[in-house]
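Visitor: Place chain B on chain A using the hints.
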Amino acid sequence: MGFFDKLAKWLGLKKKDANVIVVGLDNSGKTTIINHLKPKETKSHDIVPTIGFTVEKFTSSALSITAFDMSGQGRYRNLWEHYYTECQGIIFVIDSSDKLRMVVAKEELDQLLNHPKITNRRIPVLFFANKMDVREAISSVKVSSLLQLEQIENMKNKPWHICASNALTGEGLMEGVEWISDQLRDIIDGGK
Amino acid sequence: MHMLRRDKKEEEEGGGNPFHNLEKSVVLQETRLFNETPINPKKCGHILTKLLYLINQGESIGTTEATEAFFAMTKLFQAKDPVLRRLVYLGIKEMSKIANDVIIVTSSLMKDMTGKDDQFRGPAIRALCSITDNTMLQSIERYMKQAIVDKNHAVSSAALVSSLHLSKGSQDVIKRWVNEAQEAVSSDNIMVQYHALGLLYHIRKYDRLAVTKLVSKFSKHSLKSPYAYCLLIRIASKLMEEEGAGTDSPMFDFIENCLRHKSEIVIYEAAHAIVNLKNTTAKELSSAVPVLQLFCSSPKPTLRFAAIRTLNKVAMKHPSVVSSCNLELENLITDTNRSIATLAITTLLKTGSESSVDRLMKQISSFMNEISDEFKIVVVQAIQSLCLKFPRKHNVLMNFLSSMLRDEGGFDYKKAIVESVITIIEENPEAKEAGLGHLCEFIEDCEHTVLATKILHLLGREGPRTPTPSKYIRFIYNRVILENAAVRAAAVTALAKFGAHCEELLPSCSVLLERCLLDTDDEVRDRATFYVDVLKQKQKALNSAYILNGLQVSVVGLERALHNYTLEPSEAPFDLKTVPLDTQPVSEQKVREPGDSVSKATDKVVASTQDIYAERLAAVPEFSNLGSLFKSSSLPVELTESETEYMVQCVKHCFGRYMVFQFDCTNTLNDQVLENVTVHMDPAEGFDVMKYVQCPSLPYNKPGTTYTMVRLPEDPTQVTGTFSCTLKFIVKDCDPNTGEADDDGYEDEYVLEDVEVTVADHVQRVIKPNFGGAWEEIGPENELEDTFALSTVKSLEEAVKNIIQFMGMQPCERSDKVQEGKSSHSLFLSGVYRGGHDALVRAKLAMSDSGVTMQLTVRSTDPYVSEVLVTAIG
Numbered sequence: 001m002g003f004f005d006k007l008a009k010w011l012g013l014k015k016k017d018a019n020v021i022v023v024g025l026d027n028s029g030k031t032t033i034i035n036h037l038k039p040k041e042t043k044s045h046d047i048v049p050t051i052g053f054t055v056e057k058f059t060s061s062a063l064s065i066t067a068f069d070m071s072g073q074g075r076y077r078n079l080w081e082h083y084y085t086e087c088q089g090i091i092f093v094i095d096s097s098d099k100l101r102m103v104v105a106k107e108e109l110d111q112l113l114n115h116p117k118i119t120n121r122r123i124p125v126l127f128f129a130n131k132m133d134v135r136e137a138i139s140s141v142k143v144s145s146l147l148q149l150e151q152i153e154n155m156k157n158k159p160w161h162i163c164a165s166n167a168l169t170g171e172g173l174m175e176g177v178e179w180i181s182d183q184l185r186d187i188i189d190g191g192k
Numbered sequence: 001m002h003m004l005r006r007d008k009k010e011e012e013e014g015g016g017n018p019f020h021n022l023e024k025s026v027v028l029q030e031t032r033l034f035n036e037t038p039i040n041p042k043k044c045g046h047i048l049t050k051l052l053y054l055i056n057q058g059e060s061i062g063t064t065e066a067t068e069a070f071f072a073m074t075k076l077f078q079a080k081d082p083v084l085r086r087l088v089y090l091g092i093k094e095m096s097k098i099a100n101d102v103i104i105v106t107s108s109l110m111k112d113m114t115g116k117d118d119q120f121r122g123p124a125i126r127a128l129c130s131i132t133d134n135t136m137l138q139s140i141e142r143y144m145k146q147a148i149v150d151k152n153h154a155v156s157s158a159a160l161v162s163s164l165h166l167s168k169g170s171q172d173v174i175k176r177w178v179n180e181a182q183e184a185v186s187s188d189n190i191m192v193q194y195h196a197l198g199l200l201y202h203i204r205k206y207d208r209l210a211v212t213k214l215v216s217k218f219s220k221h222s223l224k225s226p227y228a229y230c231l232l233i234r235i236a237s238k239l240m241e242e243e244g245a246g247t248d249s250p251m252f253d254f255i256e257n258c259l260r261h262k263s264e265i266v267i268y269e270a271a272h273a274i275v276n277l278k279n280t281t282a283k284e285l286s287s288a289v290p291v292l293q294l295f296c297s298s299p300k301p302t303l304r305f306a307a308i309r310t311l312n313k314v315a316m317k318h319p320s321v322v323s324s325c326n327l328e329l330e331n332l333i334t335d336t337n338r339s340i341a342t343l344a345i346t347t348l349l350k351t352g353s354e355s356s357v358d359r360l361m362k363q364i365s366s367f368m369n370e371i372s373d374e375f376k377i378v379v380v381q382a383i384q385s386l387c388l389k390f391p392r393k394h395n396v397l398m399n400f401l402s403s404m405l406r407d408e409g410g411f412d413y414k415k416a417i418v419e420s421v422i423t424i425i426e427e428n429p430e431a432k433e434a435g436l437g438h439l440c441e442f443i444e445d446c447e448h449t450v451l452a453t454k455i456l457h458l459l460g461r462e463g464p465r466t467p468t469p470s471k472y473i474r475f476i477y478n479r480v481i482l483e484n485a486a487v488r489a490a491a492v493t494a495l496a497k498f499g500a501h502c503e504e505l506l507p508s509c510s511v512l513l514e515r516c517l518l519d520t521d522d523e524v525r526d527r528a529t530f531y532v533d534v535l536k537q538k539q540k541a542l543n544s545a546y547i548l549n550g551l552q553v554s555v556v557g558l559e560r561a562l563h564n565y566t567l568e569p570s571e572a573p574f575d576l577k578t579v580p581l582d583t584q585p586v587s588e589q590k591v592r593e594p595g596d597s598v599s600k601a602t603d604k605v606v607a608s609t610q611d612i613y614a615e616r617l618a619a620v621p622e623f624s625n626l627g628s629l630f631k632s633s634s635l636p637v638e639l640t641e642s643e644t645e646y647m648v649q650c651v652k653h654c655f656g657r658y659m660v661f662q663f664d665c666t667n668t669l670n671d672q673v674l675e676n677v678t679v680h681m682d683p684a685e686g687f688d689v690m691k692y693v694q695c696p697s698l699p700y701n702k703p704g705t706t707y708t709m710v711r712l713p714e715d716p717t718q719v720t721g722t723f724s725c726t727l728k729f730i731v732k733d734c735d736p737n738t739g740e741a742d743d744d745g746y747e748d749e750y751v752l753e754d755v756e757v758t759v760a761d762h763v764q765r766v767i768k769p770n771f772g773g774a775w776e777e778i779g780p781e782n783e784l785e786d787t788f789a790l791s792t793v794k795s796l797e798e799a800v801k802n803i804i805q806f807m808g809m810q811p812c813e814r815s816d817k818v819q820e821g822k823s824s825h826s827l828f829l830s831g832v833y834r835g836g837h838d839a840l841v842r843a844k845l846a847m848s849d850s851g852v853t854m855q856l857t858v859r860s861t862d863p864y865v866s867e868v869l870v871t872a873i874g
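Here the protein sequences come in this chain order: A and B.
Per full-length UniProt numbering, the first sequence starts with residue 1, numbered consecutively.
Per full-length UniProt numbering, the second sequence starts with residue 1, numbered consecutively.
No wet-lab data here; the hints were simulated from the structure.
Wrong hints could be hidden among the right ones.
In the DSSO-like style, the derived pairs of lysine-lysine whose C-alpha atoms are separated by at most 30 Å in a straight line are [claimed, not checked]:
| hint | chain 1 | residue 1 | chain 2 | residue 2 |
| --- | --- | --- | --- | --- |
| 1 | A | 40 | B | 116 |
| 2 | B | 283 | A | 43 |
| 3 | B | 238 | B | 283 |
| 4 | B | 471 | B | 317 |
| 5 | B | 454 | B | 389 |
| 6 | B | 42 | A | 43 |
| 7 | A | 15 | B | 111 |
| 8 | A | 15 | B | 213 |
| 9 | B | 540 | B | 471 |
| 10 | B | 822 | B | 432 |
In this text the structure is predicted, and so the values were computed from the model without any measurement.
Chain A extracted, bound-state conformation (with noise of 0.2 Å):
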């Protein structure tokens, strides 16, 4: 890190970086969150199914966010525990739309949670109900329940977080990312 890089630094007026884990069943708005999230120049227009996963990045108000934006197709959701180590958020995306298929997110969600590497830390986990705007979606406080988010035993330890969003228009995006900046910010200054 250079010297100017450093100074920057200490007058705070560069931000910090923090790692986030993007995860989800597949078709859930992975992609699309993140291609909204990123500065206007380096946005695409397509998105197409991810496979394995790419790495963006963008920012918030207080921290320049690495998102690894993760495959939700089914032959790769083994391969998340890859990237549990050095991530410091995690941002788990549910359709809202799909309530058949919620109990497959929960079973995810209960994984993810009992991994060792995840397990015993305090991470903050944000959860996106997405495609609020589809007509037989059902409320953020119906998926909370659903996922039975109260009761589980792995979420204790962690501060986590529930906004219903829509991906296409951007709507309830900033207020789950500020959410969880603030987190990622308090436990970076918390650790030092």
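Guide: Just chain B now, kept in the frame of chain A:
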């Protein structure tokens, strides 16, 4: 920082290579650093370089470790550093085959490939193709198509070349990209055009018509890229070779036109193609050689080298054409580049006249020490062919070869010399003694066991027949005293051969052999004991059977027979007669091409075609009780015209009392499926058809095999006949695309050409190194003699060729070669007749006004065999 400094220190200590002392486990440990955030591009790049270095050094990394390192590496996609990113691409390519789940980087690479940063796009495409398998190809297809027609040349080239690699696994998908490739051919970048043409050709290479169209299209509409031209020339010449086209073909016109292209590389490629065409004559060469001649005086060494190398090859076949370049070649002898000079001299040796040999040999010896082994071998080959061309010069050349033998040199070089000397000895009887003498001297100080044993074997074979065999004994016995076990064993065998062949040397050979009885090595001792005992018997028959003649069975067959014997132990001793005999390669005694002797480095035991047939026949349950296969006819006989509806080839397999005809059939109609295919045979008199083994189904273009088994006649003298054959089958129509056949079909038949069974089908070639001994050994008991007038043959060579073909026997003592200018010749043939009867034939030929007269004498261990063989000619 601290670590870097330490690395630097190690660097200085380690001398040139900073990665010299890398530990695999340490480097793999270090790759964990990739997981840290923020990423330090410099450090990570250094570690990745080390990892790449290890992989390229051939270090093998286990799947789990590799996968761990691979996933750590994927995290480097966070960093924007261009150097690091390109190292990551390299890492992905190297590890794509050893790590699991490499598919994880697909989206990341796709992002780079469609991104704005041009310097990432090409490499990302190449990396992407290395991790993509057939199932994933669909999802990247759209992007690949776009990349092929991309404006950026590097991207387009990368996409084209990657498509080429992908086409190995999934030809079908790549075929759909033909429009994009076509568009890329018209690019104005020379590399893109070249790569696009390459892809187009690969997509169409199985469709000859399309390739022809491709060539004719692009040969008219001029391409910009010289590389594309070179490729087009190669395609055209390959096409000509496949079609067997002559100079009247439009392809040839195109190639010839390229001789006038403005780019040197194209001109050379065209000349090279013309020179290498299969049946070039002096006429076609006349256009190519002047071009090469011009290149010989080019200031560029690469051009001079390419030209002289090609001319050197031409000179082997058409020395007269190249002799017009002699002036240029003379100038090149003094070229500062030794490779060029060597090639120039060896070319001159081939084109030059007998008188210039001495001068050129002097020239060569002046710089022999300065050239590499590889070129020394070229010189050796040139000398060998020269020696065959001018037999009278063998003295000069042989001396030169022997001085080369004494010089320093690697194994390949020494081997080439020894093989050349052996070839010269075999071809030129006058050179024999001098050659053997040189070889004897060589083995006095020879570090290569293989060569020493080879020479000892040669001495054992040729030495006893020279005027003074005794002078070789000393050299051979020296080996017994001085060398390692393998050479000692070979020397013992050679000694025994001298003893068996020359009466007067027998006592001294016996004494020498007895001294070997206490050798430290088992093999040497065993051999010595065996030979001493055999020689003590003083029986000619034993000598020739166990000392002079080697093992005549096929090694692969023997191995299989012994294996079977050990599997089913029986009271009866193992019978060597049941083992199939070794098929003598027909070309065995032909003049070897000078280049051949070097390339035939694999002295491994290879399964002959007959062994392969035997295995296939053994797999058919119907033939399990026929006994062992005696002989299979060497070349399949075509029973149909080529390009007909059905193609059938026949191979004859001869067993003790039966003959099996193997019919390899191919159905060339794509709208038909044949079922229950058999070949119905109308047997000649005395033969009985016993069984048909049908081919259940014969779909389009998939060869199938049906067999017909015939019992041979009881009368042992009746062995030949003509069989008329008919292909019988049930036809079912089918859909050409899916291959699905209709349910009902109808019977049909197809008349084939006749199959001929000749005497040669019953005889296996076996070489007898000592024909005279074998002749005496069989004795005159079953001798038959007859005289024939061969009025249709015009020369002795033709007669010899025909007799060998009729008899199917092996010529011995090099009697298949008729010396020029002689009016009489003796031909010695040996073989084994069906049932294991040895048979020898002596044919005395004399040229007369009305043709060739032949006195044929046959000896064999069975009276009927003699009778059959005498009737073979006629």
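Visitor: Decide, hint by hint, whether the structure agrees.
Guide: Hints, one by one, checked against the model:
Pair hint residue 40 of chain A plus residue 116 of chain B holds up; C-alpha atoms about 14 Å apart against a cutoff of 30 Å. The hinted pair formed by residue 283 of chain B and residue 43 of chain A fails the criterion: a straight-line CA distance of about 67 Å is larger than 30 Å. The straight-line distance between the Cα atoms of residue 238 of chain B and residue 283 of chain B is roughly 20 Å, inside the 30 Å bound, and the hint therefore holds. Restraint check for residue 471 of chain B and residue 317 of chain B: not satisfied, since their Cα atoms lie roughly 40 Å apart, outside the 30 Å limit.
For the given pair, residue 454 of chain B sits about 25 Å from residue 389 of chain B by alpha-carbon distance, which is consistent with the 30 Å threshold. This hinted pair checks out: residue 42 of chain B and residue 43 of chain A have alpha carbons roughly 29 Å apart, not beyond 30 Å. Simply put, residue 15 of chain A and residue 111 of chain B have alpha-carbon atoms about 25 Å apart, close enough for the 30 Å limit, and the pair holds. Between residue 15 of chain A and residue 213 of chain B the alpha-carbon distance is near 63 Å, which puts this suggested pair outside the 30 Å criterion.
The hinted pair formed by residue 540 of chain B and residue 471 of chain B meets the criterion: a straight-line CA distance of about 24 Å does not exceed 30 Å. Between the alpha carbons of residue 822 of chain B and residue 432 of chain B the distance comes to roughly 21 Å, so the proposed pair stays at or under 30 Å and holds.
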